[in-house]
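S.K.: With the sequences and hints as input, model every part of the structure.
2 protein chains.
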Amino acid sequence: MTKVFREIKASSECRARLGEVKTAHGTFPTPIFMPVGTQATVKAVSPRDLDQAGAKIILGNTYHLFLRPGHDLIRELGGLHRFMAWDGPILTDSGGFQIFSLNELATISEEGAAFKSHIDGSKFFLSPESAIGVQEALGSDIMMALDTCIPYPADYDTAAKATALTGRWAARCRKAHANRDLLLFGIVQGGMFPDLRKMAAEELVDIGFDGYAIGGVSVGEPVEEMREMTRVSAGLLPRDHPVYLMGVGTPEDLVESVFMGVDMFDCVMPTRNARNGMLFTDSGRIVIKNSRFRDDPRPVDENCDCYCCRNFSRAYLRHLYVSREILASHLNTVHNLRYYLRLMEDIRAAISEDRFAGFRKEFYRRREQRPPG
Amino acid sequence: MTKVFREIKASSECRARLGEVKTAHGTFPTPIFMPVGTQATVKAVSPRDLDQAGAKIILGNTYHLFLRPGHDLIRELGGLHRFMAWDGPILTDSGGFQIFSLNELATISEEGAAFKSHIDGSKFFLSPESAIGVQEALGSDIMMALDTCIPYPADYDTAAKATALTGRWAARCRKAHANRDLLLFGIVQGGMFPDLRKMAAEELVDIGFDGYAIGGVSVGEPVEEMREMTRVSAGLLPRDHPVYLMGVGTPEDLVESVFMGVDMFDCVMPTRNARNGMLFTDSGRIVIKNSRFRDDPRPVDENCDCYCCRNFSRAYLRHLYVSREILASHLNTVHNLRYYLRLMEDIRAAISEDRFAGFRKEFYRRREQRPPG
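As you go down the protein sequences, you meet chains F and P in turn.
Each number in this note's numbering comes from the position in the first sequence (counting from 1) with 7 added on.
Each number in this note's numbering comes from the position in the second sequence (counting from 1) with 7 added on.
Some clues are possibly wrong.
Covered, in the sense of this in silico footprint (three residues per stretch, anywhere, with C-beta under 8 Å from a C-beta of chain F), are these stretches of chain P [what the hints assert, rightly or not]:
#: 1; region: 161-172
#: 2; region: 311-320
Quick list of in silico lysine-lysine cross-link-like pairs, DSS-like style, CA-CA up to 27 Å [unchecked claim]:
#: 3; chain 1: F; residue 1: 168; chain 2: F; residue 2: 130
#: 4; chain 1: P; residue 1: 205; chain 2: F; residue 2: 50
#: 5; chain 1: F; residue 1: 10; chain 2: F; residue 2: 29
#: 6; chain 1: F; residue 1: 296; chain 2: P; residue 2: 50
#: 7; chain 1: P; residue 1: 296; chain 2: F; residue 2: 130
#: 8; chain 1: P; residue 1: 130; chain 2: P; residue 2: 10
#: 9; chain 1: F; residue 1: 168; chain 2: F; residue 2: 205
#: 10; chain 1: F; residue 1: 123; chain 2: F; residue 2: 50
#: 11; chain 1: P; residue 1: 10; chain 2: F; residue 2: 296
#: 12; chain 1: F; residue 1: 10; chain 2: F; residue 2: 296
#: 13; chain 1: P; residue 1: 16; chain 2: P; residue 2: 29
#: 14; chain 1: P; residue 1: 16; chain 2: P; residue 2: 368
#: 15; chain 1: F; residue 1: 123; chain 2: P; residue 2: 296
#: 16; chain 1: P; residue 1: 296; chain 2: F; residue 2: 50
#: 17; chain 1: P; residue 1: 130; chain 2: F; residue 2: 296
#: 18; chain 1: P; residue 1: 10; chain 2: P; residue 2: 29
#: 19; chain 1: P; residue 1: 168; chain 2: P; residue 2: 182
#: 20; chain 1: F; residue 1: 296; chain 2: F; residue 2: 16
#: 21; chain 1: F; residue 1: 29; chain 2: F; residue 2: 130
#: 22; chain 1: F; residue 1: 368; chain 2: F; residue 2: 50
#: 23; chain 1: P; residue 1: 50; chain 2: P; residue 2: 296
Note that these hints are calculated values from the structure, not bench results.
A quick note: this is a predicted structure, and the numbers were derived from the prediction, not measured.
All residues carry an ideal CB built from backbone N, CA and C; glycine is no exception.
M.R.: This is the structure we're talking about:
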């Protein structure tokens with residue numbers, strides 16, 4: 008196995024580290040945030056907007072693309088990169104999470120997951136092998152092994168069984184992994200049980216993956232529990248591979264998880280919240296439809312260098328939002344993505360200069376919060 | 008009155024001509040198409056997209072901005088240009104058309120138009136004087152006189168009365184026109200009656216405006232009647248002023264109207280149709296959701312240089328459209344606007360090289376149509 012991760016600088020104060028991951032579509036720096044492009048588009052923005060916002064890698068959802076337009080069609084048209092005109096690296100999830108979150112009636116067997124399309128109800132089946140096949144057809148740079156999701160709360164036996172099945176599926180994914188130019192990450196499950204997390208991590212490391220993801224967090228548990236499972240899982244994973252925390256989270260979650268040693272993140276929060284008019288700033292969040300912004304000539308965030316903040320006032324953005332203009336979703340997304348990506352740039356600079364602890368303190372001071380713990 | 012229009016080259020074959028119009032926010036070439044920015048945004052695109060598509064002037068709707076967010080707020084925030092971050096010229100309509108088209112119960116008196124907001128039903132009144140006041144508050148470069156709309160069909164008496172009232176309102180607008188840096192155009196009404204059109208044109212020219220618009224067409228009449236009223240009206244207007252055909256139209260309408268001597272156009276067709284998945288090409292229109300585009304790797308129009316055509320396939324655009332992605336509206340709008348603006352660039356080049364008749368012939372040949380008349 009080629010080494011895909013290089014640690015460039017480790018913090019002397021915590022587990023935060025600067026690194027880079029090499030893929031078939033280029034190398035990206037870590038810690039990194041990946042905008043989510045569910046249906047072959049990061050909602051409301053184009054690839055050039057992503058590029059201008061500073062995105063280095065994006066995420067695609069296997070489940071959605073499998074159903075529509077179909078991975079065979081995307082392969083026929085030259086793969087996902089060409090299809091959506093994104094030249095940089097793409098990570099695809101395995102589809103596991105969506106099968107469970109969008110399908111109340113999904114049925115899991117040793118063989119795989121049977122589920123119905125959320126679009127038209129038609130029946131589908133995804134096995135560990137076909138999950139890899141679909142992701143290879145898409146031409147993903149980083150594929151994820153198919154995992155099972157553990158609901159929250161779950162008792163120990165339920166969590167243990169699901170974690171064991173995820174382990175067996177992970178081994179089958181690794182075996183099915185034919186195109187070794189495409190990287191494959193395993194996913195640590197284990198619910199909210201540290202010993203299951205430990206078993207899962209050891210099993211995955213035994214199989215051997217290009218990187219390791221922490222799954223099954225941000226599924227409804229309190230934030231303290233999420234942070235604790237992240238800390239536990241990140242602590243179990245080998246430091247010569249990238250660690251990816253799936254589906255997380257708030258700006259605070261990113262800062263805390265980097266502190267714990269996480270290298271990669273994805274979350275719909277910046278894009279989804281943008282469409283709902285919730286904007287991130289260095290001093291906290293604002294809800295743009297609020298009437299106090301009616302005549303506010305200031306940009307969303309005076310520290311922000313995005314197209315939206317360089318050109319438009321809060322008053323204008325509020326007008327667009329209350330007028331239900333498409334441009335509201337677009338400009339809000341441009342800003343929120345830039346906020347997340349700039350936060351990661353600042354985090355990388357802080358680690359590079361070995362002042363991450365000070366950065367973290369300042370991050371909370373600006374938003375008039377106290378650091379957790 | 009300063010001369011705002013300069014004719015650069017007249018066609019030797021027809022009334023088509025190349026010109027330019029000077030405004031407080033710069034000079035634009037004619038014949039020109041103005042994208043419509045109803046609510047202080049051209050729907051689904053940003054000012055930088057407009058600039059890249061080749062837009063030189065855009066239109067704002069006084070009626071909509073008057074109601075939301077209000078002209079006083081826009082003035083307070085530095086005017087419409089700064090509010091929407093568009094540095095080029097802006098033409099604003101008078102609100103007359105929307106009052107009639109969005110308000111079944113609008114009541115017209117000598118004094119002005121009383122109407123109810125289409126947003127919340129609250130009552131408003133617009134007079135010729137306040138229509139100018141609102142447009143001055145917006146900081147429009149080209150203001151339109153308040154006119155009355157004549158329904159189609161209308162009998163001669165109805166049309167004559169409305170046309171006479173428009174004339175009296177035009178005189179009041181001219182008198183109220185305080186800031187002479189902002190240009191003011193009069194609107195020729197007259198319904199489908201050539202003698203009323205003639206009276207209206209003469210009356211407006213007597214008053215004296217910076218430019219003249221042809222209103223009251225494209226209100227439901229057959230295309231032949233629309234073309235005839237355009238021809239009649241354009242023929243009545245002085246050649247040392249710009250002639251603006253309001254709310255028209257299809258690519259064919261633009262070519263035919265330039266032929267008749269029209270200099271300026273606006274229409275929601277490229278933007279609205281884009282959002283409905285109808286795209287313009289040199290060989291005709293396509294409906295992108297059509298299943299024949301499912302696996303079509305070609306761009307919308309191989310002759311087009313827009314961001315959409317340089318990067319995305321019809322198959323991808325179909326996928327976005329059927330998946331109801333916001334990016335569908337955005338990319339389709341980018342393309343359709345570029346199509347319209349490129350058509351106008353081609354028209355200007357043809358007039359400049361005195362080959363407009365040949366251009367027109369080729370325009371119809373490509374779409375396998377015959378020129379009208």
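S.K.: Hint by hint, note whether the structure agrees.
M.R.: Going through the hints against the structure:
Coverage of the region 161-172 of chain P by chain F is violated in this model, with 0 residues showing a Cβ closer than 8 Å to a Cβ of that chain against a need of three. Coverage of the region 311-320 of chain P by chain F holds [criterion: at least 3 residues with CB-CB distance below 8 Å; count 4]. For the suggested pair residue 168/F and residue 130/F, the alpha carbons sit about 25 Å apart, so the restraint of at most 27 Å is met. Of the pairs offered as hints, the one joining residue 205/P and residue 50/F is violated, with about 52 Å between alpha carbons and a cut-off of 27 Å exceeded.
This hinted pair checks out: residue 10/F and residue 29/F have alpha carbons roughly 8 Å apart, not beyond 27 Å. Distance check on the hinted pair: residue 296/F and residue 50/P sit about 19 Å apart at the alpha-carbon level, within 27 Å; holds. Proposed proximity of residue 296/P and residue 130/F is supported: the alpha carbons are some 24 Å apart, at most 27 Å. About 39 Å separates the Cα atoms of residue 130/P and residue 10/P, which puts this hinted pair outside 27 Å; it is violated.
Annotation: proposed proximity of residue 168/F to residue 205/F holds, straight-line Cα distance about 14 Å (limit 27 Å). For the hint pairing residue 123/F with residue 50/F, the CA-to-CA distance comes to about 24 Å; that is within 27 Å, so the pair holds. Among the hinted pairs, residue 10/P with residue 296/F is inconsistent with the structure: their alpha-carbon atoms are about 44 Å apart, more than 27 Å. Straight-line distance between C-alpha atoms of residue 10/F and residue 296/F comes to about 48 Å, which puts the hinted pair past the 27 Å bound.
Under the criterion of a C-alpha separation no larger than 27 Å, the hint pairing residue 16/P with residue 29/P is consistent with the structure, at around 16 Å. For a cut-off of 27 Å, the pair hint linking residue 16/P to residue 368/P stands: about 20 Å separates their Cα positions. For the hint pairing residue 123/F with residue 296/P, the CA-to-CA distance comes to about 24 Å; that is within 27 Å, so the pair holds. Proximity of residue 296/P to residue 50/F is assessed by CA-CA distance (about 19 Å); at most 27 Å being required, the pair is judged to hold.
Our distance criterion of 27 Å between C-alpha atoms is met by residue 130/P and residue 296/F, whose separation comes to about 24 Å. Straight-line distance between C-alpha atoms of residue 10/P and residue 29/P comes to about 8 Å, which keeps the hinted pair within the 27 Å bound. For the hint pairing residue 168/P with residue 182/P, the CA-to-CA distance comes to about 22 Å; that is within 27 Å, so the pair holds. For the proposed pair residue 296/F and residue 16/F, the alpha carbon gap of about 42 Å is over 27 Å, so the pair is violated.
With a C-alpha separation of about 37 Å, the suggested pair residue 29/F and residue 130/F falls outside the 27 Å cut-off, and the hint is violated. Pair hint residue 368/F plus residue 50/F does not hold up; C-alpha atoms about 33 Å apart against a cutoff of 27 Å. At most 27 Å may separate the alpha-carbon atoms for a hinted pair to count; residue 50/P and residue 296/P meet this at roughly 20 Å.
Against the hints set out earlier in the document, violations occur for numbers 1, 4, 8, 11, 12, 20, 21, 22.
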